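Trainee: For the protein sequence lines, the chains are A and B, in the order given.
Here the first sequence is numbered in the working numbering, starting from 459 and rising by one per residue.
Here the second sequence is numbered in the working numbering, starting from 47 and rising by one per residue.
Just so you know, the hints here were simulated from the structure itself, not pulled from any lab data.
Computed from a predicted model, the values in this text were never measured in an experiment.
You may find that some hints are simply not true.
[What the hints assert, rightly or not] To spell it out: a stretch of chain B is covered by chain A in this simulated footprint if at least three of its residues, at any positions, have a beta carbon under 8 Å from a beta carbon of chain A; those stretches are:
no.: 1; region: 78 to 85
no.: 2; region: 168 to 174
[Said to hold, decoys possible] Label-pair ranges, simulated between beta-carbon atoms:
no.: 3; chain 1: A; residue 1: P620; chain 2: B; residue 2: N401; range: 26 to 34 Å
no.: 4; chain 1: B; residue 1: W324; chain 2: A; residue 2: R493; range: 39 to 47 Å
no.: 5; chain 1: B; residue 1: G214; chain 2: A; residue 2: R538; range: 45 to 53 Å
no.: 6; chain 1: A; residue 1: R870; chain 2: B; residue 2: H104; range: 25 to 33 Å
Here a beta-carbon is modelled for each residue, glycine too, at the ideal position from N, C-alpha and C.
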Amino acid sequence: MRALLEIANNTFFLYYLGSNLSYAVLLIVALLSSRAHHQHLASLRLERIKASPLTPPITLIAPAHNEEASIIPSVRSLLRIDYPELEVVVVNDGSEDRTLARLREEFDLQAARLLYISELATAPVRGVYRSAVEPRLIVVDKNAGGSKADAVNAGLNAATSPYTCVVDSDSMLEPDALLRIMVKILEDPKHVVAAGGIVRVLNGCDLANGRIRRVRLPRNPMVIFQVIEYLRAFLIGREGWASGNMLTIISGAFGLFRRDVIMSVGGYRASSIGEDFDLVARIHRKMLDEKKEYRITFVPDPVCWTEVPPTAKALGRQRARWQKGLMDVLWSNRDMLFRRRYGRMGAIALPYLWIFEFLAPVLEILGIVTIILAATVGALSRGFFIEFVIYGYLFAAMISVGAVLQEELTYRRYNDWRDVAWLVLCCFLEQFPYRQMHLIWRLQGMWQYARGDVVWRSIERVGLEEAAPSRTAHL
Amino acid sequence: MNSLFHWINAEAASFALRAIFFSLAGILLLVASILVRREVRRRYFDRLADAEFYVRQHWDEIVTGEISREEWNELYRDTEAIIAQSLDRIDVAKLTEAEKLLDFLRRTGLLDRMLVETRQLRGWKREAALVRLGRTRAPEAVASLAGALDDPNPDTQLAAVRGLARTGMTSAGEAMLERVAAGDLALPGTSLLNALIVCTRSNPRMLLPYLHMARGRVRELLARVMAEVASVELGDDLLLLASDTLPEVRASVARALRHADFGFAFPALAQLATDEEWYVRLRALTSLGRFRDMRALPILLHGVCDANRHVRQRAAEALAHAPDPIGVLNDVFKTGDTYALQAMIAELDRTGDFNKVMEELELGTSRLSPAEGQYLLRALEAGTDGLNTMMRLPGTRNAPQTV
Chain A
459 MRALLEIANN
469 TFFLYYLGSN
479 LSYAVLLIVA
489 LLSSRAHHQH
499 LASLRLERIK
509 ASPLTPPITL
519 IAPAHNEEAS
529 IIPSVRSLLR
539 IDYPELEVVV
549 VNDGSEDRTL
559 ARLREEFDLQ
569 AARLLYISEL
579 ATAPVRGVYR
589 SAVEPRLIVV
599 DKNAGGSKAD
609 AVNAGLNAAT
619 SPYTCVVDSD
629 SMLEPDALLR
639 IMVKILEDPK
649 HVVAAGGIVR
659 VLNGCDLANG
669 RIRRVRLPRN
679 PMVIFQVIEY
689 LRAFLIGREG
699 WASGNMLTII
709 SGAFGLFRRD
719 VIMSVGGYRA
729 SSIGEDFDLV
739 ARIHRKMLDE
749 KKEYRITFVP
759 DPVCWTEVPP
769 TAKALGRQRA
779 RWQKGLMDVL
789 WSNRDMLFRR
799 RYGRMGAIAL
809 PYLWIFEFLA
819 PVLEILGIVT
829 IILAATVGAL
839 SRGFFIEFVI
849 YGYLFAAMIS
859 VGAVLQEELT
869 YRRYNDWRDV
879 AWLVLCCFLE
889 QFPYRQMHLI
899 WRLQGMWQYA
909 RGDVVWRSIE
919 RVGLEEAAPS
929 RTAHL
Chain B
47 MNSLFHWINA
57 EAASFALRAI
67 FFSLAGILLL
77 VASILVRREV
87 RRRYFDRLAD
97 AEFYVRQHWD
107 EIVTGEISRE
117 EWNELYRDTE
127 AIIAQSLDRI
137 DVAKLTEAEK
147 LLDFLRRTGL
157 LDRMLVETRQ
167 LRGWKREAAL
177 VRLGRTRAPE
187 AVASLAGALD
197 DPNPDTQLAA
207 VRGLARTGMT
217 SAGEAMLERV
227 AAGDLALPGT
237 SLLNALIVCT
247 RSNPRMLLPY
257 LHMARGRVRE
267 LLARVMAEVA
277 SVELGDDLLL
287 LASDTLPEVR
297 ASVARALRHA
307 DFGFAFPALA
317 QLATDEEWYV
327 RLRALTSLGR
337 FRDMRALPIL
347 LHGVCDANRH
357 VRQRAAEALA
367 HAPDPIGVLN
377 DVFKTGDTYA
387 LQAMIAELDR
397 TGDFNKVMEE
407 LELGTSRLSP
417 AEGQYLLRAL
427 EAGTDGLNTM
437 MRLPGTRNAP
447 QTV
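For reference, chain A alone in the conformation it holds in the complex (with noise of 0.2 Å):
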């Protein structure tokens, strides 16, 4: 039994090791490689980017499911966004609220005759409409395809542009985000096949007509937590990754590709559970399969503001829904694993998120499981117990800390003191219980595919304009 637990407290420790090591040399790539990209804005002017007559078009797509709640704002947001060329098109995935309705009421929807090509296959279209006041603005309205996946599918089919912008409805984009996110496409537009910018958190921050008026942090601690995450996940993680051409997942919430690569697989797979992760896997596949030269980026200052789960409840459906989403992506492409073909993909990014992302749960809580049973039953002495879980914490909360520094040197969004001090504290408190409770549901999200249920569970959204009530109500 000692003996057991010896070997299997040693294999976690080489397991944590490997994980805080890879945490770190992401940490400080991704300090390099935004402050070198930050470097580079300071001799770019949006404003060329603007004017210059080979920027391309870009078709917006927002797909809704039973937003009523939030999609007026947010389809004025997007209808906001400063870009030459711009279409946007909504598809309403078969809502049974009144999306339709409220958008046919702002914007003065019209049946369109338009040519519809059914390049991809989809839930049948029911009807394509053009606003009578925004042009810009087309609605697809399709029966439900039980899936994002097929409703930006239809979206895809209806876009016009080379280059498509896949946004969730609940989201809202910064006024610069798609000429910031075209800086790195432009720079090499043959290489460069898609771009992710950077989800930041909706919640808590004042809001007027679809628009921030002002970034604040929000004071439920749930949310705060997530807020750490996104910074880690995108400022270190996605930068990170980025700078080796391995990123695997460009967020859903919002990513630019080119509409002729994503055609080229296929679109989106409907039956796909993390439909984001899963394109971006096969465009590699894709690519790598046909040799060509090519690069996946992430651009770390244009922003796309969301509005995450505040319960424990939705958070936990959301982490168990991702868990599920990763291991379908891992799964369906384990073969590139360890394939000379597949390169760095194969031989780096892809084992790394077998082991540090899909097994994490099960090892992690084995971890501290065993590490509790061997410190019990005296095969670890206490002393090191005890010093071993203060290393966890204390260097957990350092990368968590890394992050706010980073955001600190580069974008700033949080300029109040408070906030940034609140950022800072949250990075120490998010270890216990929060961290704990992440892996339970990943763990869920592990046993709900393992059982086959992968179904689509939606989360109750507040509505944007109701994100932060208390804030807005007196503005």
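Given chain A, work out where chain B should sit, using these hints.
Mentor: Relative to the frame of chain A, chain B by itself:
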């Protein structure tokens, strides 16, 4: 394996202590960095704001040189604010006003300072200085910026290209073209293209010798520039380029011909409208559509039946503006191509004319014969399935879903 675990056990305890120490030090360092960064930024921006406020208040005296030497010396420490404001004003100023501001920068030595900075600074600061120098639009900036094009660092080259683009001068264009043609300047992305477009727009003829000499990628690049800047002033040279081997060049000619007389442009555009490359056809049809001349109708009708949907759409866009949309619609109907008809319907719908067309057909007020009018009306009301039957289409292509 056992020895490894032994080693881990032996080392782990001391490792954990060291790791605690380093993690703690790391946290303190990171938090300190946040605090220092905030404080430094606060002070810097406070000072900048003060300087900008003062400069704004005394702007006229500063520019006309009416302030005393002592005051100027005092103010000279805030040159960043003065330069920033001068450049912001130059960006939006008319020619005479810009000249005055440039003269001010020259007299005060600020332009010299900017020139020196482009040579002395390194890394991203130099890149920012190069772009800043370009914003002055000073003729003497071109030589410095052109010199930076020879830097081995692509980021510096890129900044120099951006700076040259900001000057918008033909001499800047020459400097870039020489290096592009010699193969010394090959930047990915659109910055170089944009810069060449801006700097050659006023004299597209300067591109011709380089275009004739260039091969491969360079020729492709120059062709894209030509596509944006070519004008009728190129005259017969333009017609010669219409049969160029490079599709980019042919596309540029198609685009340029939109500004020519119809009689001059038509034969070349008619030829380019049947080009093997879809984007050449697209450009040719777009240009033809701009003339709104009935003689282009057969070419446009052919274009609306194109295999490429973008080409169809552009042809339909041109046809929708024809003086007799119902006649055109009937001609499209007669082609027997549902794709073409649907492109046409979509375009009429987009321009808001579809209901008018339907109304005229219902009332029988169109120029079509009553029988033709009724048949077209029924076809338009029939929807996709009905259309396929009525137009007796071979079912070779996937039927588009029209809604």
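Trainee: If a hint holds in the structure, say so; if it does not, say that too.
Mentor: Now for the hints, and whether the structure bears them out:
Only residues whose C-beta sits within less than 8 Å of a C-beta in chain A count toward coverage, and the region 78 to 85 of chain B has 4 of them, enough to reach three; the restraint holds. With 4 residues having a beta carbon nearer than 8 Å to a beta carbon of chain A, the region 168 to 174 of chain B meets the requirement of three or more and the stated coverage holds. The hinted window of 26 to 34 Å between P620(A) and N401(B) holds, with their beta carbons roughly 31 Å apart. For W324(B) and R493(A), the Cβ-Cβ distance of about 43 Å falls inside the hinted range of 39 to 47 Å, so the restraint holds.
At about 30 Å, the CB distance of G214(B) to R538(A) disagrees with the hint of 45 to 53 Å. At roughly 31 Å, the beta-carbon separation of R870(A) and H104(B) lies within the given 25 to 33 Å, and the hint holds.
In this structure, the one hint that does not hold is number 5.
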